[in-house]
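Next come the chains, spelled out residue by residue.
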Amino acid sequence: MARFAAKHCAFLLLTLSVVSFLVFALNEFSPGAVARKERGAYATQEQVELLTRQLGLDRPLLVRYADYVGKVARGDLGYSARFKAPVGDVIWKHLRNTGLLAALAFACIVPFSMLLGIAAGMRESSRLDRAILIFSTVMASIPEFALGVFLASVFVVWLGWLPGTATLVAGGGWSLGAQLVLPVAVIVLFDSGYVISMIRASMVEVMQRPYIRTAVLKGLPFRSVILRHAVRNAMITPITVILLQINYLVAGVVVVETVFAYPGFGRMMLEGALFKDIALVEAGALVAVSLAVVTNILGDAAYMLLDPRIRA
Amino acid sequence: MTPTPATAEVLVVPAPVAARRRARGWWRRLTAVGDSTPATVGVAVILFWLTMAALAPVVAPYAPNATDLAALAHTTPSKAHWLGTDHLGRDLLSRILWGARPVLVIAPLAVLGATALGCLLGLAAGYKGGWIDLVVTRACDIVLSFPVIILYMIILTHFGSSAWNIIGVLTLTKAPIIARIVRGLTLDLREREYVTAAKMRGESSLYIMFVEILPNARGPLIVDMCLRTGYNIIIIGVLGFLGIGLPPPDPDWGGMVKDTYGMMMVWPHMALVPCAAISSLVVGFNLLAVGLREIGLRD
Amino acid sequence: MTDALLELQDVAITYAARGGEVEAVRRLSLRLEPGEALGLVGESGCGKSTVALSIVRYLGRTGRIARGRILFEGRDLATIGDAELRALRGRRIAMVYQDPMASLNPVMTVGRQLMEVPMIHDGAGADAARRRALAMLGEVKLSDPEAVMDRYPHQLSGGQQQRIVIAMALIAEPALLIMDEPTTGLDVTVEAAVLDLVRDLRRRHRSAIVFISHNLGTVARVCDRIGVMYRGELVEDGPVRRIFGDPRHPYTRGLLDCLPTLGRDKRHAPLVPIPGHLESSHARPSGCGFAARCVHVEPARCTVTPIPLAPIDGDTGHRAACVRATELPVWSRRRAEAPAASAAVASAALVTTEHLGKLYRPRGGLFGRRRPGVRALSDVDLGAGRRQTLAIVGESGCGKSTLAKVLAGIEVASEGRVSLDGIEIGRLGVDARDRQLKRRLQMVFQNPDSTLNPSHTVGYAIGRALRRLRGGAPADAAAGVARLLEVVKLSPAMAGRRPRQLSGGEKQRVAIARALAGDPDVIVADEPVSALDVSVQAAIVNLLAELQAAHGTTLIFISHDLAVVRYLADHVAVMYLGAVAEFGPVERVFAPPWHPYTEALLSAVPVPDPDAAGARIVLEGVVPRATERPRGCPFATRCPRKVGAVCEDTPPPVQRLADGHRLACHIPPAELQRLQSMIGAR
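Residue numbers (numbering that gives the first Met the number 0), protein chains in the order written: chain A, 0 to 311; chain B, 0 to 298; chain C, 0 to 681.
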């Protein structure tokens, strides 16, 4: 157990270092550009160079990186040029919003996908299976923004039941819940497409196994065979996949956030990148990667817990 | 442990040997696509878009960037503009047809690049093992643990988004996935006895990797390539939608949605049309992948 | 006549396939009385497993019972409802399968899987179910039942897993027990123990048994009656003594003739394989399905109309589906002839190993615990002469595969020497050997399905071997390939085919041709016939013997099948847990004095002779794990002749007997001879 933890912690640190260095290098490779950005396009060359020296940007890359690492360790993530606030605050605020969205979506995706995936896989090539297969394939094929547009055109433009944006601003007549319905629906539908097909595939494979034949020929009712023998085995691999979806839900939903103007983490990163808000982007990348690695670790741990053959 | 008789007990024997010899291998495999409904539908959709994209200069009624000021008064579908026009008066049908071209060039190229790179890495890691495996696996893990959208954002805003940059970034981010698949297949296949036989003949590692192992990884790879193409098309659309895709004014389906979805309350068709286009194309590739998987299992 | 427990009346089973429906079983009729044990034998594709699965109506989506009735206790199983079927399954009819590891749920403890049966069928509570499960575990002779209940399947050995599956089947006291190849895949000694258990349980529980196997020996041990199947039809059935003593169908005779029983020797006569090969199920001829391969065929009578299963000489207990059943010449089993002069002429050893050892060290890992190494080979001394066959026999874990790998260069020796014609090759991995050396030693593998690359044609595979080992120009390749194909008795037209289109026997022949491409001095064959049907085995074994005689190749033949070894080998080495227990000329090793392990092996081999008597030695105990080798004799934990603590503490001395025969035992050979002759030699 300790070995497991140590190995993964080491990997986390390694990944963080590599990624943060790459992002840092990418952004700050030309020190002049940073200062020019600060000063604006009409600044003179001398002003730019003055600022460069002032900010210490003329030092070698590695030194600046070490300096940056030191600052991060102390908790100082810098100041966001785009949002005009400390980076830490900006990230926290947006992360919280995304967290709300992610939690709601996750709570829907897991039972929905499991239900459909198991129902499809337990009787392969049945009509239900074909229907679910087509459904999940189509859902996974429609880009999130297209799903957003389709759903919005029905529920916002045509029926007028739901708001077209989810800015989380209380005014405008739409409750918080109503604002969240469409973004969550889009995420759930898109992501389920993928997760359902994974669960279905795993279930189909398990149903071919000889121990299912043993269970059936023991005279167990079909329900018992599925619930007690098949599902437990079929969910081993998908659990890891499902946990990895958390990763997607935090950063990958930038598209949905953009469609519905939701002030989330992904959108924050996009604006930071477009605006060349370096401090924000660097810190955001660190957060995203840490989250990714942590979910990876959780996935591995879950795998070990579920499969007694690995535990040994 | 004593092994069991090789031929399975009741597996149905495939079509008579003589008939097999007449039909050439690849032709038979091609026509097998017809056996599976998802595959047929998928191929039909893909062929449709390929034809449309190839013939766009001939078939499109207008130039893609030509604005028709007269139509601005009436942008919804009409006889003059079958799918209507966008907010700048440009014919949507033409823009859709022309917009298919970059997508159908970039996505497959990126997939080919990722597959080539991924195969190389996966084979080397799986077959050679040792430190090559360690380095490759860790590198793949690092790349994969990065939320790709953020990666795209960072790289494309920094280096600018041209077609080659997009292909490059897609290749780099997709190659690790393929490398993992190929590595898994290689780990399995390298234990096969024919690989040992090849070693005993003194074949070089390169020969074994590319002539003995790789051809047998074909099946899962081809299915994966279809899936990747579909997914790449989605990503290209997303990049366009986020504003970091191909630069305007050339039509880019994602970009078209970005420009027009704000006007959905008034003119929903402007955003709906490109959304439908991109969805249908991706559905085609995904259905093909589903169908190919079915066929592969049936064999 | 009592009402039959199970009766199949004119049953036909079909599978839906791409080209239409394929008949897997046609026109099968048989009866099973309560408490009777019926064996169903046949080779792969004959439909025996399909019959078994049809009884419990588990034919998958594509299979169906097209015709006929399956009457069990009066009810037609083909048409009863699902609820009734479920009530029967597991309770009145239970099944035991071939691969016990795969047949048990890997994430559920063995105890819970056992308890499910009484809980579902008898409505027993958890406590009552647990008690019954424990009692059943005791009956199947598993030691420490309490601990076993909480184990997962992967923590048990193959033999233990199969006992669990048998316990699961018997716990509800079924009237009919179907066993589908239950011991295939188990080691010989474990198999013997399981077969004994089955006989014992049968006596106690009085269940009827349908025992399916391709191995005539196991069937002879357990069954009262035997049915022989070929291509979906029952070609002969009758009491076990009749079938083995007076078979009346040419296929049954062919099967019995091609078996190398422990007395036969290659120096006397080649094995008699069944000519031809199994046709695909599509090309079904009218008339007798065996006609194309039958040596007694008369086209006018045999190939026109279907041949029914008819009683022989009016005896309905013994039937055969052959129009010539009563006209066939009298058959007698090929018995062992007096051994010829020992062919173990002391010829100069071509391949020798001296004190060969192989230790697999564990990978360190950054945070790894210190795990003990696995000692696969320990102090192995062997030799194989020119033109001779050295057979290496043992069960799983004995190190024979590792030995093959070291000889081939896939692994390198950790200790000791291996020399080929004086050249030290033990430390030379295959990459380090030059082309000459590679040419001189080649290998034939075990699994015909993975021995050839499915993406390459036969011609390419052999041609490539020719090019790499002989260095010939590509232009000569076609001629060379054709020549090699002829040597292994395949038509040169095969060169364009792919492995998918070949049968198991054909694939193995191609593999042998490939190994012969460089005209090697030594061929290491790792279980080359174990995965083949019996009739095909005989042909390949003959081929190997002929090739050796013609080309003077030294053959190092690794196998677990003692009958084939007795037939083919000049010298034999019996291995156990990485050490050589006994070594010597084949007649000497197969006659007393035996090493106690050899003795147990020989007595465990199921012989296709219902009269085979002789005290049987059933090994108790478990094979120690390779990581926990005992200090003294490796066999000490299970040896029925253990003399005391000395066996556990001190490695046994190597006793040298006549003609190069040696064995490693603390008991002096004279004493062994005395003890073992009391039982009677084979």
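Treat the hints as calculated values from the structure; they're not laboratory data.
In this text the structure is predicted, and so the values were computed from the model without any measurement.
Every residue gets a Cβ at the ideal spot worked out from N, C-alpha and C, and that includes glycine.
Just so you know, not all the hints are guaranteed correct.
Derived contacts from chain B toward chain A, CB cut-off under 10 Å, selection only [unchecked claim]:
no., residue
1, Gly129
2, Trp130
3, Ile234
4, Val237
5, Ile243
6, Pro246
7, Leu271
8, Ser278
9, Ala288
10, Val289
Now for the hints, and whether the structure bears them out:
{"no.": "1", "hint": "Gly129", "verdict": "violated (18 Å)"}
{"no.": "2", "hint": "Trp130", "verdict": "violated (15 Å)"}
{"no.": "3", "hint": "Ile234", "verdict": "holds (9 Å)"}
{"no.": "4", "hint": "Val237", "verdict": "holds (5 Å)"}
{"no.": "5", "hint": "Ile243", "verdict": "holds (8 Å)"}
{"no.": "6", "hint": "Pro246", "verdict": "violated (14 Å)"}
{"no.": "7", "hint": "Leu271", "verdict": "holds (6 Å)"}
{"no.": "8", "hint": "Ser278", "verdict": "holds (4 Å)"}
{"no.": "9", "hint": "Ala288", "verdict": "holds (8 Å)"}
{"no.": "10", "hint": "Val289", "verdict": "holds (6 Å)"}
When each numbered hint is compared with the structure, violations occur for hints 1, 2 and 6.
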